[in-house]
Amino acid sequence: MRTLKDLLRDGRFRFAFTVFLVLLALSVMSFFSPYDPYRWNVVPRDLPPQWPHVLGTTSTGQDLFWLLTFAVRNSLTMSLIASMVSRVIAIIIGLTAGHKGGKTEKILMFLSDSFLIIPLLLIILMFAVMVKGRMNLLGLGLLLGVFGWAWDARVIRSQVLSLRERDFTYTAILSGSSTLAIVFKEYMPFLIPLVFATLIGNMSWAIGMEIVLAILGVLNLETPMIGTMLYWAINYQSILLGYWWWILTPVTTSVFLFIALYLMSVSISEYLDPRMRIQRIGRA
Amino acid sequence: MRFFKTYLLPRILMYFLVIVVGVTIVFIIPRLLPIDPIQQMIGQITSTGAYLDPKTLDYMIETLKELYGLKGTLWEQYWGFWRRLLKGDFGPSYYQFPVPVISLIRQSLPWTLGLLLTTTVVSWILGNVLGALGGYFPQKSWAKILDVISMVIRPMPYYVLALSLLLLFAYLIPIFPLGGGFLIGGRISFDLRSILILLKHAFLPAMSLILIGVFLWFQAMKLVVQSVKNEDFVSYARLGGLSQSKIVSRYVMRNAMLPQITGLALSLGQIFSGALITEIVFSYPGLGTLLYNAIFTGDYNLLMGIMTMSIFVITTSILVIDLLYPIFDPRVRYR
Chain A
1 MRTLKDLLRD
11 GRFRFAFTVF
21 LVLLALSVMS
31 FFSPYDPYRW
41 NVVPRDLPPQ
51 WPHVLGTTST
61 GQDLFWLLTF
71 AVRNSLTMSL
81 IASMVSRVIA
91 IIIGLTAGHK
101 GGKTEKILMF
111 LSDSFLIIPL
121 LLIILMFAVM
131 VKGRMNLLGL
141 GLLLGVFGWA
151 WDARVIRSQV
161 LSLRERDFTY
171 TAILSGSSTL
181 AIVFKEYMPF
191 LIPLVFATLI
201 GNMSWAIGME
211 IVLAILGVLN
221 LETPMIGTML
231 YWAINYQSIL
241 LGYWWWILTP
251 VTTSVFLFIA
261 LYLMSVSISE
271 YLDPRMRIQR
281 IGRA
Chain B
285 MRFFKTYLLP
295 RILMYFLVIV
305 VGVTIVFIIP
315 RLLPIDPIQQ
325 MIGQITSTGA
335 YLDPKTLDYM
345 IETLKELYGL
355 KGTLWEQYWG
365 FWRRLLKGDF
375 GPSYYQFPVP
385 VISLIRQSLP
395 WTLGLLLTTT
405 VVSWILGNVL
415 GALGGYFPQK
425 SWAKILDVIS
435 MVIRPMPYYV
445 LALSLLLLFA
455 YLIPIFPLGG
465 GFLIGGRISF
475 DLRSILILLK
485 HAFLPAMSLI
495 LIGVFLWFQA
505 MKLVVQSVKN
515 EDFVSYARLG
525 GLSQSKIVSR
535 YVMRNAMLPQ
545 ITGLALSLGQ
555 IFSGALITEI
565 VFSYPGLGTL
575 LYNAIFTGDY
585 NLLMGIMTMS
595 IFVITTSILV
605 IDLLYPIFDP
615 RVRYR
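Going down the list, the protein sequences come from chains A and B. The first sequence begins at 1 in the working numbering and counts up one residue at a time. The second sequence begins at 285 in the working numbering and counts up one residue at a time.
FYI, nobody ran anything at the bench for these hints, they're computed from the structure. Everything numeric in this text was worked out from a predicted model, so none of it was measured.
Below, in silico cross-link-like pairs of lysine to aspartate or glutamate (EDC-like), each with a Cα-Cα straight-line distance of 20 angstroms or less:
(1) A:Lys185 to A:Asp167
(2) B:Lys428 to A:Asp10
(3) B:Lys289 to B:Asp606
(4) B:Lys371 to B:Glu350
(5) B:Lys428 to A:Glu270
(6) B:Lys339 to B:Glu350
Only chain A is shown next, with the shape it has when bound in the complex (with noise of 0.2 angstroms):
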């Protein structure tokens, strides 16, 4: 509570905050949503923005402000999981490598390199077109947190390699603690704020690929997300129609995220250590 109370002083980091929790509360909102969104036709086509269609409704006959509340909680369950799964390999991977050293280190290290160099966007692309139209949230969030832990897992080795150093590790190997021991009890109060704050940039990186895929029309289409949202007004031509509010609910909301969940992660790595802007370099 402290640090949240730390890190609200940080003008940015209370604008993020406040836009985060609004999205949280649209996506409760879908709980109580009066549509089906995989329903079709439920309500007048093509209305602009007007009382009780308050962000107005598609061509496809659904209520944007509703159908919204499910593609933002759609997306930030999807990016949840896929920064969970990604967040186990990095820590796995960066303990291992940081903490063992030698040939480990070296083997591993080159594996997240290829990770990082690799166009994974291509691989799974390729995943997505292989299994089209048949991937679900859990699906989409396994994959891409099965590809997204490489350049996390560089991040925690180096603060285990840091933290390797110090003294107190010393007294606990010497005081006869084991692997396992030390791994919990000195190394992971360390490592959770850095783990937190890199969850939230994989999270940004999550969805930004699940709009991707979707505009390229690989996913589950009739799940309601932010990039499935895209996908279908730009596929009923929604601009040149002049259907402005259908395009612009999903482009704004997208926007609104991805710069709140940034300056989340900005302000809390700045928070826990200066030297993090650093390492956050090359980061693209």
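Got chain A sorted already, so can you dock chain B onto it with the hints?
Only chain B this time, still in chain A's reference frame:
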């Protein structure tokens, strides 16, 4: 000799190892999935209503297996895959049937490379210069404005930025064409008019890539400069009465440049994916558009070809930057 052993050799080794890992992933993915590409292909043909007698069907399955390299044990398939790859043979495309994948890629690659190399270099230089100035004079109002803009633009996904630019400059204020790389049916020659049309088509896609790139480098460079700025040698230069511009260009920038060069190498992989999306938005005739068509028509061969090609292109460019590194960093040169 020591330079060769400690610098050159590990990097060249890494280059080949990464390619092996990448190509192996490309090879494994289709075999991991519970989908039989041959059955899918046959299904596609029969679903159009064509009748096939069993003998033709068997023959077709046989040829398709040959085409996909699915004959023999897994090891034989793997070696066969490499053999064909090194000969530059990715098989025929299904999207434009008898045309081999490699010649489709050969047509698109120059467009993508042209767009990618120019935008990467331009945004890298621009971002570094702006970042150095912004980091050295953080109190100036233009530096603060740049800071705010970068906070907004940097987290934006390529797709959304590209789409907004397209809406703004091709639809609301129609200065630039909605898409394409050249006039439809036009022929490219090297006169002034031709080049102007080419530039006009490339402007928006390039702009979207440069915008994102510039602010990425801007932020990174700014942070490095801010830490270099307070080092002793800069203070001495200032006390020695050197002009501001000389301090920035000779002392601060030169030293802040080094991590940026590494960053350039690392980010090439990411930028490549961005370029693909940008091409799809602007229907620019490069690898991205080819990729889109491949996805749309379920053209596995083409998809695999594009993937392998990008792995080769990206790893090679990273190797080149890495090998050029000693030119910039004397510490590496004299090791």
